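Q: Keeping the supplied structure of chain A fixed, place chain B upon it in accordance with the hints.
From first to last, the protein sequence lines stand for chains A and B. First residue of the first sequence? That's 1 in this note's numbering, and the numbers climb one at a time after it. First residue of the second sequence? That's 1 in this note's numbering, and the numbers climb one at a time after it.
The set of hints was computed from the structure by calculation and includes no laboratory data. Everything numeric in this text was worked out from a predicted model, so none of it was measured. One or more of the hints may lead you astray.
[Stated by the list, open to error] Here are a few chain B residues that face chain A, going by a calculated C-beta distance under 8 Å:
id	residue
1	E144
2	T165
3	L166
4	I178
Glycine included, every Cβ here is placed at the ideal spot set by N, Cα and C.
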Amino acid sequence: MDDALVSERPLFGRAQWLALAGLVFFAGIVVPLAHVFLPESAALRPSSYFVTLAGKFACYAMLAVAMDLIWGYAGILSLGQSLWFALGGYAFGMYLMRGIGREGQYQSELPDFMVFLNWKTLPWHWWNTDSFGWALLLVVLLPAAVAFVFGWFAFRSRIRGVYFSIITQALTYAAMLLFFRNETGFGGNNGFTDFKTLLGFRITDPAVRASLLAMTVAALACVFVGARWLVQTRFGRVLQAIRDAEGRVRFCGYDTLRYKLLIWTLAAVISGIAGALYVPQVGIINPGEMSPANSIEIAVWTAVGGRATLIGPILGAWIVNGAKSWFTMAFPEYWLFFLGALFVAVTLYLPAGIVGLWRGRAKS
Amino acid sequence: MSTSASGADGPMSAGLQGLAAQHGPAGGQAHRGEASNRALGHPGRGEVDVSHGPILYLEGVTVSFDGFKALNQLSLTVDDGELRCVIGPNGAGKTTMMDVITGKTRPDSGSVSFGQTIDLTRMSEDQIAQAGIGRKFQRPTVFEALTVFQNMELAVKSDRRPRATLRAALDSAQIDQIDTVLRRVNLRQAHRQIAGSLSHGQKQWLEIGMLLVQGPRLILLDEPVAGMTDAETDQTAELCLALEGEHSLIVVEHDMAFVEKIARKVTVLHEGSVLTEGALSLVRNDERVIAVYLGR
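If we strip away everything but chain A, and leave its shape as in the complex, we get:
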């Protein structure tokens, strides 16, 4: 019997590495190449609809991993996660809006909505937004900065549990109202859309669409492997300890504020990157992305898939979104009721989610 206290465990088993590599190869290389190089008429050519859908689902999966890091591992239930997603999306959306150039309805250097509002110059927060590098910087820094400041005040005041969740919900709602206003300078309720170019390429070009999918899949793979690594470090175990008994962690000598703030900010950055990849593929970002219901959906994916498993929330995101596509076509009025019922049912009967169910089966 192996009785050693410390045993090295690899990040993934051989089969898991193979499965991961296979998925990345298929979704990130085969599908994009087939989309670009197979003739339109070929039966096996992935349609633009399919490529965009795959990209969207990869973005959702990144959101789910971020949610799992803060909720599943650190026990912080954020119901404002879509805010970071939208901030990343808006940050990159500004660059895409500038990329329209004079091709807009009003043939102005300014984005159409500004012309419509009779603005003559770009507002200050649009400074340098025609720079791709600046856009990338904003995508990371904007969610990070807002999340850091909010988290610092919330965690320092030791706001926890349901109170914290409600405040995050209020935060994203407030941001949504702010972005709905035309004066805020983000296109009001229409948001940003009608993008034309990305880095000088036509955004509707199949090669651009395929490259975006490839990058999104690569980003998801990095986020997933990185998160897996993170939760296997002692840092990850401190997070789980905070989830289970924060007071005890403090009396062990850990400054839990720093740990929570770090993972909270990291999750916001991952969500922001997901949002930035989402916008050029879907072609629109508007304040509706910040709606409280969207944030709750992210929590539902995570709960359905199985908290603190990383793979579970990804599956949850895909399953729930698959169900949503069908449901919103069949019974559009009842989707939110169904979502709520699903959340309650999973919490009551499947506390460990789908992955928990599967692991339970495997054991017995």
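A: Just chain B now, with coordinates in the frame of chain A:
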């Protein structure tokens, strides 16, 4: 160390002494074998200065919650290496006193200092823990989702900053230390078990084990034998005695049979201040103590 041998013979006591010797505070930063060395030695930066004898001073500490004075001008000193029992009826302020010492509650007035120099009223819980005060909660609190070993890993003395924990691996001295403590708290076999699946008594032991690898100078035990079997209670008493001299201990306990086993000096709290202090036999026969306990 002589005190620990007197009461307990047999293999267990020898083991416990070994434990105490190995797990002096500060994880080998300094030799703490003899109390006299400590008293004479010059405390370094961040070290606890016990040159005057006491390791903990509470002076005129008052804590009130909505007008109710949980602690009322409480003054108390505990000597370095001492094992002090604190008893008192419900609501006497025992747990509040622990909260004040460990930074969970800020006193309204009064001073609390660790050794001569460290002002505990200005420090957060984690800073106090790092300075060398360990606390065991009333209800056993362990990290339920982690294994027994992982619980110990998080507790063992190490760099507590987030960046350090990202690349932290235990060195062999730390692993040996965990190994020894796990054997003493009878959890060596269970090291891979999820802590949440342990029995109540085992959780108590795990928490005590975590405290020991944390390497504190002062250990606060809030009702350490609550929910333990008689055999476990006896083992805990032996452990407390073995730790005396190496660590300073404050034990809050309701179980008088347990207090009898370990008591040296006993402090009786009543309505937030010290009613009396002294040997258990004296305290027991004190008219005021009898009155307080029996409600006369």
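Q: Going through the numbered hints above, which ones does this structure break? Give me the numbers in ascending order.
A: none
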